[in-house]
Amino acid sequence: MDIDLSIRLDVDNEGRFGPGKAALLDAIKTSGSIAAGARALGMSYPRAFKLVESMNVLFRAPLVASSHGGKDGGGAVLTARGRRVLELYNALCEQAAESTSTYRSEIASLIVSARD
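Just so you know, numbering that gives the first Met the number 0 puts 58 at position 59 of the sequence shown, and the rest follows in order with no gaps.
Honestly, the hints are just simulated from the structure, not real lab data.
Warning: the hint list may mix true and false statements.
[To be verified] Derived DEER-like restraints, expressed as beta-carbon distance ranges:
1) G41 to A64: 21 to 31 Å
2) Y102 to G73: 38 to 48 Å
3) G73 to R103: 40 to 50 Å
4) H67 to M0: 45 to 55 Å
5) T101 to Y44: 33 to 43 Å
6) E105 to T78: 36 to 46 Å
7) P18 to E52: 17 to 27 Å
8) Y44 to R103: 33 to 43 Å
9) P18 to S65: 21 to 31 Å
Idealized CB from N, CA, C, for every residue including glycine.
Model the full structure from these sequences, guided by the hints.
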């Protein structure tokens, strides 16, 4: 049995940043669009847009820059700040997972599983 580690950063009373928002940033980075990123995650566009707005307000500079549709269509890209936040968050999660591996394995051995 594997136990995954999930990290959510709670920023005082200002907001949160965790796996869902990180996944959305990654999907926007890959797809070049908030709508396509939302679809890739099975999320509604309004929900994704609201999450992007909350991230853009939480950090000192926007994480996502979007352009409205037109002749060439709209799109969205991660800003330099957005790329850095995603990079730091992923590194934090990776390091935390590595450093807690032994503890998670021991906890897993104590859990009753349907496979037992």
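Verification of the hints:
no. : hint                    : result
1   : G41 to A64: 21 to 31 Å  : 24 Å, holds
2   : Y102 to G73: 38 to 48 Å : 45 Å, holds
3   : G73 to R103: 40 to 50 Å : 42 Å, holds
4   : H67 to M0: 45 to 55 Å   : 47 Å, holds
5   : T101 to Y44: 33 to 43 Å : 42 Å, holds
6   : E105 to T78: 36 to 46 Å : 41 Å, holds
7   : P18 to E52: 17 to 27 Å  : 19 Å, holds
8   : Y44 to R103: 33 to 43 Å : 35 Å, holds
9   : P18 to S65: 21 to 31 Å  : 22 Å, holds
Going through the hint list in order, the structure satisfies each hint without exception.
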